[in-house]
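Letter by letter, the chains look like this.
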Amino acid sequence: MSSTVTIQDRQSKVTRWLLVPGIVWMSLFLVVPIAMIVYVSFWTQTTFNISSDPTLASWKQFFSSDTYTGSLWTTIRIWLIVLATTFIVGYPTALFVGLFVKSKTLSTVLLVVCVIPFWTSFLIRVLAWRPMLGKEGAINIVLLKLGIIQQPIEVLLFTELSVIIGMTQIYCVFMVGPIAFMLSRIDRNIIEAARDLGAGFGRIFWKIIFPLSLPGVVVGAIFVSVMVLGEFATSGALSGRKVNLLGNIIVTQVGSLKWAMASVVGVVLTIVMGVVIAGLLRIVDLKREL
Amino acid sequence: MESRFIKPALGVYVALFVLFLYGPFVVLTIISFQQGPDGGPQFPIVEWSTYWYRQVFGLTPPSRIAPLPFGEALIRSLVLALMTMVVSTVLGVMSAQAFRRSFKGSTFVFYLIVLGMMVPGVLTGLGTSLLANNIIGIERHWYTTAFATHVAYTFPFAFLVMLAILNRFDSSVEEAAWSLGVDPWTTFRKVTFPLIFPGVLSAMLFAFTLSLDEFPRTLFASGRDQTLPLAIYGTFSVEIHPNIFAFGVLTTLFSFALLSVYGILMALSVRRAKKMAMQEDIA
Amino acid sequence: MDTSVFRLEGVTKRYGDLVALNDASLEVGANEYLSFLGPSGSGKTTLLRVIAGFEAPETGRIFFDGRDITNVQAHERGIGFVFQNFALFPHLTVMQNVAFGLTNGKTRVPTPEAEGRAAEMIELVGLSGMEGRGVDQISGGQRQRVALARTLAMKPRLVLLDEPLGALDANLRSRMRNELRAIRERLGVTFLHVTGSETEALAMGDRVVVLDRGTIIQTGTPGEIYDRPASPDVAHFLNRFNLFEGTLSNGSFSASFGTIRAPAATRADRDCYAVRYDRVKVLPLSAKPADGPALKATYIASEYLGSSIMSFFDAGQGHLIEMEHHLSLGAPETYEPRQDYLLTWNPEQAIVFGREAAI
Chain H
1 MSSTVTIQDR QSKVTRWLLV PGIVWMSLFL VVPIAMIVYV SFWTQTTFNI SSDPTLASWK
61 QFFSSDTYTG SLWTTIRIWL IVLATTFIVG YPTALFVGLF VKSKTLSTVL LVVCVIPFWT
121 SFLIRVLAWR PMLGKEGAIN IVLLKLGIIQ QPIEVLLFTE LSVIIGMTQI YCVFMVGPIA
181 FMLSRIDRNI IEAARDLGAG FGRIFWKIIF PLSLPGVVVG AIFVSVMVLG EFATSGALSG
241 RKVNLLGNII VTQVGSLKWA MASVVGVVLT IVMGVVIAGL LRIVDLKREL
Chain E
1 MESRFIKPAL GVYVALFVLF LYGPFVVLTI ISFQQGPDGG PQFPIVEWST YWYRQVFGLT
61 PPSRIAPLPF GEALIRSLVL ALMTMVVSTV LGVMSAQAFR RSFKGSTFVF YLIVLGMMVP
121 GVLTGLGTSL LANNIIGIER HWYTTAFATH VAYTFPFAFL VMLAILNRFD SSVEEAAWSL
181 GVDPWTTFRK VTFPLIFPGV LSAMLFAFTL SLDEFPRTLF ASGRDQTLPL AIYGTFSVEI
241 HPNIFAFGVL TTLFSFALLS VYGILMALSV RRAKKMAMQE DIA
Chain Z
1 MDTSVFRLEG VTKRYGDLVA LNDASLEVGA NEYLSFLGPS GSGKTTLLRV IAGFEAPETG
61 RIFFDGRDIT NVQAHERGIG FVFQNFALFP HLTVMQNVAF GLTNGKTRVP TPEAEGRAAE
121 MIELVGLSGM EGRGVDQISG GQRQRVALAR TLAMKPRLVL LDEPLGALDA NLRSRMRNEL
181 RAIRERLGVT FLHVTGSETE ALAMGDRVVV LDRGTIIQTG TPGEIYDRPA SPDVAHFLNR
241 FNLFEGTLSN GSFSASFGTI RAPAATRADR DCYAVRYDRV KVLPLSAKPA DGPALKATYI
301 ASEYLGSSIM SFFDAGQGHL IEMEHHLSLG APETYEPRQD YLLTWNPEQA IVFGREAAI
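First to last, the protein sequences are chains H, E and Z.
Counting in my numbering, the first sequence runs from 1 upward without gaps.
Counting in my numbering, the second sequence runs from 1 upward without gaps.
Counting in my numbering, the third sequence runs from 1 upward without gaps.
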């Protein structure tokens with residue numbers, strides 16, 4: 001009988017059908033592919049072929065090769081440096097946009113100004129750093145004209161430095177956004193009250209503003225980490241193949257059809273990623289901050 | 001007060017920050033007016049010209065520099081972005097709608113969806129191509145495997161946008177429609193959807209932009225036919241010419257045009273949202 | 001009752017640990033106007049939402065028009081609902097709002113006919129000429145009427161009103177109250193009206209249902225409720241009684257006014273003595289009442305309410321005693337501020353609650 005179907009049953013049925021397509025899509029095209037990487041990392045790789053016979057060979061090769069382990073450390077080093085530089089470059093901007101700008105129009109304009117560069121293709125934005133940093137690039141020309149340097153600086157392009165500069169510029173906006181959002185939610189009365197009690201700006205900053213903006217810093221750090229850890233295009237384009245991140249190794253391995261090795265590196269990257277994200281999510285509950 | 005000079009200092013800092021953000025683009029724009037076809041992608045500017053812009057459109061006589069092979073790639077990218085936009089917005093609206101009721105396992109489903117924006121593209125791309133290539137044994141195409149990874153990437157963004165919109169949605173208008181004997185589906189079409197439309201538009205814009213510029217996932221999952229970012233990546237390995245910069249300037253201008261259309265649509269639907277807000281003020 | 005339109009049987013609704021409705025049972029007749037009265041959080045809005053089908057109860061059954069509708073979805077119930085915030089469709093005009101249920105509901109009425117019926121309703125609520133306006137271009141009171149017209153256009157036999165007058169100012173409220181009454185006479189609809197205002201509940205309802213903490217604690221005509229509140233809590237929300245804490249023992253009640261016989265006490269979970277504001281009499285301090293209660297209190301001030309005057313007395317320890325004098329009974333006496341008076345009343349007219357009472 002139809003009358004035994006309660007309203008709650010019907011509502012949970014609706015909820016289920018609304019969720020099924022999304023869950024199926026994410027399982028098939030996200031979870032299964034990642035499981036695939038783990039699975040294939042234990043396959044047997046020969047020069048031109050790959051078979052599903054289980055082996056640890058690729059894993060042993062990864063940990064015995066300086067190229068591979070080196071790329072793991074390079075990835076972690078670049079990630080930490082870029083995390084620091086995006087934070088240092090981004091925080092004061094966020095402070096200005098989120099807290100100091102009183103007019104809502106101006107802060108919207110500033111945020112739009114931050115977002116506009118994203119309307120240029122990511123790869124072209126990366127490429128744009130070449131004429132900027134090169135030996136005859138814009139920075140060297142300006143510095144020479146100003147008489148600050150006598151010889152053009154050559155370490156600017158095709159080094160680790162150029163990768164860091166490029167990544168900082170591309171990703172710092174992801175740090176600015178969440179922090180500015182958090183800062184704009186701070187109740188101005190708290191700051192006024194602290195000022196009335198005679199607290200100086202430094203004290204107010206460290207005791208009130210910074211702690212309240214921390215969730216924004218963490219969300220920003222999640223964004224930047226996700227993007228930097230999986231990077232390979234910026235390092236490929238700006239380092240002249242000198243900086244090899246885990247992503248670059250995957251690309252090269254896939255290029256030479258070494259699927260098993262690519263998968264091993266993929267698993268390593270997944271683990272690094274998982275640890276970083278899980279660690280950051282322990283500090284802040286993403287679902288609650290939204 | 002100390003903060004009296006902190007604010008101007010920060011203002012100067014922000015100006016420098018904007019310079020840092022835009023510097024490369026300014027340089028890129030300048031060099032896109034380099035003399036052609038012999039001028040290289042660097043300073044100094046030999047002579048100002050629009051040669052490279054004409055070259056992008058194939059209006060220059062053939063030279064040793066091949067025109068950019070972007071025509072078909074651009075069309076593929078636009079089609080892919082449209083497909084991705086439609087599917088991920090539909091999925092995003094559906095899932096966010098489901099999240100309006102609490103249900104068992106909601107945290108699990110939330111993170112399953114959000115995972116899509118957290119997993120690096122290089123991993124999803126690799127995994128999907130392994131699945132297609134080595135397990136199922138099908139060919140990879142931009143409209144199959146790459147499309148699947150694109151949606152898995154943009155759907156979380158659409159979902160989060162819709163979740164934020166629906167969190168603030170006053171459900172009493174829907175209940176009012178039900179109490180008038182209007183079934184939930186008609187209520188959604190006639191009441192809920194028109195009112196959340198500004199949010200849907202943002203979700204669509206997000207999905208479209210992200211897909212249009214998506215690179216790492218597409219690199220592995222798209223097979224033989226290239227999308228636009230792949231075609232651009234292809235020029236990395238060979239010599240770079242200012243034509244790629246001219247192309248960058250053109251695409252940016254195109255994006256601005258698109259943004260303006262979005263802005264106009266948004267302004268139109270914001271008027272509606274204002275009516276909504278006014279009604280809430282009374283309550 | 002054969003004319004019963006609507007019946008609730010043992011309805012319970014929980015939100016987690018919070019019991020919003022506890023075993024509520026109720027029967028409503030055709031063309032009846034029922035007011036639900038209770039403090040906020042008493043479960044009165046939950047009750048309406050359960051009846052409308054917006055919330056599903058954990059246990060209990062709901063009957064409407066001789067049909068068990070417990071498992072019927074909101075849009076199939078045919079019960080109208082008027083929201084406190086009106087919940088008009090902001091993207092539609094007045095006409096489109098009122099015709100919405102007709103054109104989009106189960107039996108889709110063709111647009112011309114729907115607009116004809118909607119126009120009648122718009123006329124009924126006195127908004128003719130505003131059909132084409134957006135709902136943001138009309139005032140709060142007009143929105144209220146649109147919300148009402150929108151519901152009535154569906155010709156429901158039962159309309160639920162969730163504090164529909166709460167968002168209006170006092171003037172508009174009393175006008176809307178009269179209009180609601182007139183509409184009900186004309187259309188023969190059963191109204192269930194939730195309100196936090198005791199005046200509104202007593203003025204509007206054929207019967208009043210008093211709720212507290214999710215439980216129906218009293219049901220009766222306004223007269224019954226007013227004369228015989230079922231518990232100290234009901235007496236408290238009615239805002240018409242001076243309450244005295246004390247002890248009831250052996251048929252006598254002892255409190256700050258002395259010890260008085262209380263032969264007809266009502267059973268309650270605590271001992272409490274209630275005297276209606278208009279039962280209090282004021283005597284000079286020198287007077288000696290026969291053997292009734294006598295309470296020394298200091299006069300504070302008076303408030304003119306139109307048809308009556310409220311006078312406030314301090315009985316010590318911050319206990320405020322209110323006295324209402326109906327002007328129809330003669331000119332009010334004047335009292336000296338900060339002077340002591342003797343307050344008394346007829347003990348037969350007092351209501352006594354106690355743990356030892358028989359019923």
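Just so you know, these hints were derived from the structure itself, not from any lab.
Errors might be hidden in some of the hints.
In silico lysine-lysine, DSS-like type, Cα no more than 25 angstroms apart, as pairs [unchecked claim]: (1) Lys104/H / Lys7/E; (2) Lys207/H / Lys102/H; (3) Lys106/Z / Lys13/H; (4) Lys242/H / Lys258/H; (5) Lys296/Z / Lys281/Z; (6) Lys102/H / Lys7/E; (7) Lys190/E / Lys106/Z; (8) Lys104/E / Lys13/H; (9) Lys7/E / Lys207/H; (10) Lys106/Z / Lys155/Z; (11) Lys60/H / Lys207/H; (12) Lys190/E / Lys13/H; (13) Lys135/H / Lys60/H; (14) Lys155/Z / Lys190/E; (15) Lys145/H / Lys135/H.
Against the structure, the hints:
1. About 16 angstroms separates the Cα atoms of lysine 104/H and lysine 7/E, which keeps this hinted pair within 25 angstroms; it holds.
2. Restraint check for lysine 207/H and lysine 102/H: the C-alpha separation of about 22 angstroms stays at or below 25 angstroms, so the hint holds.
3. Distance restraint check for lysine 106/Z and lysine 13/H: the Cα-Cα separation of roughly 22 angstroms lies within the 25 angstroms cut-off, and the hinted pair is therefore satisfied.
4. Between lysine 242/H and lysine 258/H the CA atoms are separated by roughly 21 angstroms; this keeps the pair inside 25 angstroms, and the hint holds.
5. Restraint check for lysine 296/Z and lysine 281/Z: satisfied, since their Cα atoms lie roughly 12 angstroms apart, inside the 25 angstroms limit.
6. Between lysine 102/H and lysine 7/E the CA atoms are separated by roughly 11 angstroms; this keeps the pair inside 25 angstroms, and the hint holds.
7. Between lysine 190/E and lysine 106/Z the CA atoms are separated by roughly 14 angstroms; this keeps the pair inside 25 angstroms, and the hint holds.
8. A distance of roughly 13 angstroms separates the Cα atoms of lysine 104/E and lysine 13/H; the hinted pair therefore holds under the 25 angstroms criterion.
9. With a CA separation close to 19 angstroms, the supplied pair lysine 7/E and lysine 207/H stays within the 25 angstroms bound.
10. Distance restraint check for lysine 106/Z and lysine 155/Z: the Cα-Cα separation of roughly 13 angstroms lies within the 25 angstroms cut-off, and the hinted pair is therefore satisfied.
11. Proposed proximity of lysine 60/H and lysine 207/H is contradicted: the alpha carbons are some 50 angstroms apart, above 25 angstroms.
12. With a C-alpha separation of about 22 angstroms, the suggested pairing of lysine 190/E with lysine 13/H holds against the 25 angstroms cut-off.
13. Between the alpha carbons of lysine 135/H and lysine 60/H the distance comes to roughly 41 angstroms, so the proposed pair goes past 25 angstroms and is violated.
14. Between lysine 155/Z and lysine 190/E the alpha-carbon distance is near 21 angstroms, which keeps this suggested pair within the 25 angstroms criterion.
15. Between the alpha carbons of lysine 145/H and lysine 135/H the distance comes to roughly 14 angstroms, so the proposed pair stays at or under 25 angstroms and holds.
In this structure, the hints that do not hold are numbers 11, 13, in rising order.
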